[in-house]
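Q: The lines below spell out each chain.
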Amino acid sequence: MAGTWVFVEQKDGNIRKVTFEMLSELKKGGDEVSAVLFGKGVEGLATDLAKYGADKVYVADDDVFAAYNTGAYVAQITAMIKEYKPNCVLFAHSFNGRDMASRLAQKLDAGLATDAVAAEITAGKGIFTRAIYAGKAIAKVEVAGDPVLATIRPGVWDVGDTAGAGEVVKPALAVTPADVYQVQKSFAATVSARPDLAEAAIVVSGGRGCKGAEGITLVEQLADVLGAAVGGSRASVDSGWLGHEYQVGQTGKVVLPNLYIACGISGAIQHLAGMSSSKNIAAINTDTEAPIFNVSDFGVVSDLFKTIPLLIGELKK
Amino acid sequence: MKVIVCVKQTFDTEAKIELKDGKISEQGINLIINPYDEVAVEGAIQLKEKGVASEVIVVSAGSDKAIDAIRTALAMGADRGILIKQDTGADEYARAVALATAIKAENPGLVLAGHVAADDGASQVPTRVAEILGFPHVNVITGIEIADGKATCTTEADGGSAVIEVAVPAVISSQVSWNEPRYPSMKGIMQAKKKPVANVDAAAVENKTKIIEFSLPAAKTAGIKIEDEVDVCAAKLADWMLNTVKIQVK
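Protein chains in written order, with this note's numbering: chain S, 1 to 317; chain H, 1 to 250.
If you're looking for bench data, these hints aren't it; they were derived computationally from the structure. Since the structure is predicted, the reported quantities are computational estimates derived from the model, not experimental observations. Where a beta carbon is used, it is the ideal one built from N, C-alpha and C, also for glycine. Heads up, some of the hints might be wrong.
Below, in silico cross-link-like pairs of lysine to aspartate or glutamate (DMTMM-like), each with a Cα-Cα straight-line distance of 20 Å or less [what the hints assert, rightly or not]:
no., chain 1, residue 1, chain 2, residue 2
1, H, Lys23, S, Glu142
2, H, Lys236, S, Asp287
3, S, Lys253, H, Glu14
4, S, Lys140, H, Glu213
5, S, Lys40, S, Glu220
6, H, Lys16, S, Asp158
7, H, Lys193, H, Glu26
8, S, Lys17, S, Asp158
9, S, Lys316, H, Asp239
10, S, Lys317, H, Glu213
11, H, Lys250, S, Glu220
12, H, Lys225, H, Glu206
13, H, Lys85, H, Asp68
14, H, Lys250, S, Glu314
15, S, Lys140, H, Asp68
16, S, Lys107, H, Glu206
17, H, Lys150, H, Asp87
18, H, Lys250, S, Asp224
19, S, Lys125, H, Glu213
20, S, Lys253, S, Glu167
21, H, Lys220, S, Glu289
22, H, Lys236, S, Asp158
Part of the chain H face toward chain S, derived, beta carbon under 7 Å [unchecked claim]:
no., residue
23, Ile17
24, Ser123
25, Arg128
26, Val176
27, Asn179
28, Pro196
29, Val197
30, Ala198
31, Val200
32, Ala218
33, Ala222
34, Lys225
35, Lys250
Given only the sequences and the hints, what does the whole structure look like? Please build it.
A: See below:
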C-alpha cells in the first residue's frame, strides 16, 4: 500500500491552498503522504508540495494535462492507482476535484464522499463528515474502498509546517486519444483583485437592504479595506445586483471564513445554511428582529448606508 | 434528438431540518424539484422550442411521491415521464445505476441534470451516469449550443469560465444561472395530468457508502447586539473586528 494521496489543485503553476491543507492534515496521521500533480511544466512545484508534507510527488507532466480535462486526468490517475495502490485518494471539493473524483469513483465502481469537512481514514475505510442540506444537518458517511475516495471542502483544515521528503516519481503516461473527449475551446479567467469567495478569510456580503448598485458598492468598498471577498444573498443575486457566482446559501456557495459580515441581509434559512459555520459573524441591519442577529456574534441595528462609511473610517484610523 | 432530464425531488430550500428517530424528518416538509434540476428541465424545453430536441423525457428515481416532481416538469412542457421506484436511502452510486439503466433503454441524444442536489449536495450523480453510459459529460453549464453532433457548453470553472465542446450523446449538468425556469401555466398543469408516466423498478444494486449518523449542527447563540446611534454602532463594530476577531486592515 502506498499510503494516502492528495490530488494537487493547481492552475498555471499556482497551487491552491486547499492542497496544502489536505497534505498537512494527512501528514498528522503518520502514513506516507503523496501528492499527485498533473500539468505541463509543473515539476518545479514538487518543492512546495514537500514543504507541506508530501513524502512523494507523483508528477505527470504532458501537454495533454496543460488544462484540466476529465477524461485525460481520470485515465491517468486510474492507471496510477492500479500500479501504486494507494489506500486513499483525496481531492479538493472544487469544480475540477468533484468532477474528476465522481468520474473516477464510477470507473472504479466505488463509493465517494464529496464535500467532506472531517475525515477519519483507516486502511480500506474512511468515515467522512459531510454537511447536508447546505449545512442544516450533518451526516457521517462510511466509504469502504480500495482506495477510499473523497473530496474535501477548502478551509476546514489548517496548513501545517511539517515537511516531507518530496521524492519525485514519474509514472508512465496512460492517456489515449479516446480519453480526451472534452475539448476546451476557451477559458476566461475571472479578473478580480479580491480573493476567491470559497477560500477568503473575510467575506462581506450584501442583501436586499443594499437596495441596488449603490449599496453593493459600499459592500465592495468595505471588502477592499479588509482584503475580503464579496458575497451576496439570493435577494441581491435575483435582483441582478450581483452575479450568481457571488451567492452564498443553499443554491449558492457555502463559505466558512474567519469573519463574515452580513450587510442588509435578513437571514433566510437558505442563506444561513451557507454562512453560519463562519468562525465570526457580524451583521448590520435596520430590523432588530432580523433572524441574522440570532446567528451573529456581533450585530449592529443600523442603516448600512450610514454605518459602512463610518466603519471604514474607524478601521482606517 | 431525444432529450432526457434527470430530476430529483428535494426539500424546499426554506425547509428547517429536524431529526426523528435519528433520521431526517420529512414531516411537514414541502417537496420541490431540486432547483438545479428545474433549470435543466427548462433548458430541455427551450431546446425543444428551438427545434433541437424532438422529445423531452423526465426521469426521477425515488419514492412514489416523486411523481409530483415529474408532473411539475410535465406541466412546464416535458412530454412524458419515467418514475424509477427506489428507496430514498439509495446512495449516489445506486441512484446513478438506476438512472443510467432507464436512460440507456431510451437511447437518448442528450441527458441533462442539475449539477448538484440541494439536499445531499453531493454533485456526483450526473458524472457517474455519464461514466456508466460511456458518454462524455460537461458539468456546471451556464449555456449550451448544439450543432453538428456537438454540444458546446459554457461552464463555471475554478477561477473563471470555460467553453467546453463534447460530442453528443453526452450528459450535461446545469448551474442555476443557466436560465430562469418558467412557472407551469394552468393549461400546462391540466395537460400534464394526461401525459404518460411509466413506472419501473430500480436496478437492484447495493449502496457503496453507508450513512452511520445524522446530527444537527450546534445551535448558534446570538451574541452582542448594539442598538445605538450610528456612529456608536460603527465604532463598536470596528473595535470588535480589530480587537476580538483581530483582523488586519489593508
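Q: Could you run down the list of hints and mark each one as holding or not?
A: So, going through the hints one by one against the coordinates:
Our distance criterion of 20 Å between C-alpha atoms is met by H:Lys23 and S:Glu142, whose separation comes to about 16 Å. Taking the CA atoms of H:Lys236 and S:Asp287, the gap is about 18 Å. The hint holds against a cut of 20 Å. Of the pairs offered as hints, the one joining S:Lys253 and H:Glu14 holds, with about 16 Å between alpha carbons and a cut-off of 20 Å not exceeded. Between S:Lys140 and H:Glu213 the alpha-carbon distance is near 5 Å, which keeps this suggested pair within the 20 Å criterion.
Restraint check: the Cα-Cα separation between S:Lys40 and S:Glu220 comes to about 36 Å, which exceeds 20 Å; the hinted pair is violated. Pair hint H:Lys16 plus S:Asp158 does not hold up; C-alpha atoms about 31 Å apart against a cutoff of 20 Å. Note on H:Lys193 and H:Glu26: the hinted pairing is violated, with a Cα-Cα distance of about 25 Å set against a maximum of 20 Å. Taking the CA atoms of S:Lys17 and S:Asp158, the gap is near 10 Å; set against the 20 Å cutoff, the hint holds.
For the suggested pair S:Lys316 and H:Asp239, the alpha carbons sit about 12 Å apart, so the restraint of at most 20 Å is met. Proximity of S:Lys317 to H:Glu213 is assessed by CA-CA distance (about 49 Å); at most 20 Å being required, the pair is judged violated. Distance restraint check for H:Lys250 and S:Glu220: the Cα-Cα separation of roughly 14 Å lies within the 20 Å cut-off, and the hinted pair is therefore satisfied. Of the supplied pair hints, the one linking H:Lys225 and H:Glu206 is violated, its CA atoms being roughly 51 Å apart against a limit of 20 Å.
A distance of roughly 13 Å separates the Cα atoms of H:Lys85 and H:Asp68; the hinted pair therefore holds under the 20 Å criterion. This hinted pair checks out: H:Lys250 and S:Glu314 have alpha carbons roughly 13 Å apart, not beyond 20 Å. For the hint pairing S:Lys140 with H:Asp68, the CA-to-CA distance comes to about 30 Å; that exceeds 20 Å, so the pair is violated. Straight-line distance between C-alpha atoms of S:Lys107 and H:Glu206 comes to about 16 Å, which keeps the hinted pair within the 20 Å bound.
Between the alpha carbons of H:Lys150 and H:Asp87 the distance comes to roughly 36 Å, so the proposed pair goes past 20 Å and is violated. In summary, the hint linking H:Lys250 to S:Asp224 is supported, as the alpha carbons are separated by about 8 Å, within the 20 Å threshold. About 16 Å separates the Cα atoms of S:Lys125 and H:Glu213, which keeps this hinted pair within 20 Å; it holds. Proposed proximity of S:Lys253 and S:Glu167 is contradicted: the alpha carbons are some 36 Å apart, above 20 Å.
In summary, the hint linking H:Lys220 to S:Glu289 is supported, as the alpha carbons are separated by about 16 Å, within the 20 Å threshold. For the suggested pair H:Lys236 and S:Asp158, the alpha carbons sit about 30 Å apart, so the restraint of at most 20 Å is broken. At its closest, the beta carbon of H:Ile17 sits 4 Å from a beta carbon of chain S; the interface hint therefore holds under the 7 Å criterion. Taken as an interface hint, H:Ser123 checks out: its beta carbon lies about 5 Å from the nearest beta carbon of chain S, inside 7 Å.
Interface restraint check for H:Arg128: the shortest CB-CB distance to chain S comes to about 4 Å, inside 7 Å, so the restraint holds. Checking H:Val176 against chain S by beta carbon gives a least distance of about 5 Å; that is within 7 Å, so the hint holds. Checking H:Asn179 against chain S: minimum C-beta separation of about 11 Å lies over 7 Å; hint violated. The beta carbon of H:Pro196 is not positioned within 7 Å of any beta carbon in chain S (closest approach about 30 Å), and the interface hint is therefore violated.
Of the supplied interface hints, the one on H:Val197 is violated, with its beta-carbon coming no nearer than about 27 Å to a beta-carbon of chain S, more than 7 Å. Contact between H:Ala198 and chain S, as hinted, is not supported at the beta carbon level, the nearest pair being about 25 Å apart and thus beyond 7 Å. Hint status for H:Val200: violated, given a least beta-carbon distance of 21 Å to chain S, over 7 Å. Taking 7 Å as the C-beta cut-off, the interface hint given for H:Ala218 is violated, the closest approach to chain S being about 10 Å.
Residue-level restraint check for H:Ala222 holds (minimum Cβ-Cβ distance to chain S is 5 Å; threshold 7 Å). Of the supplied interface hints, the one on H:Lys225 holds, with its beta-carbon coming within about 4 Å of a beta-carbon of chain S, less than 7 Å. With a cut of 7 Å, the hint placing H:Lys250 at the interface with chain S holds, because the nearest CB-to-CB distance is about 5 Å.
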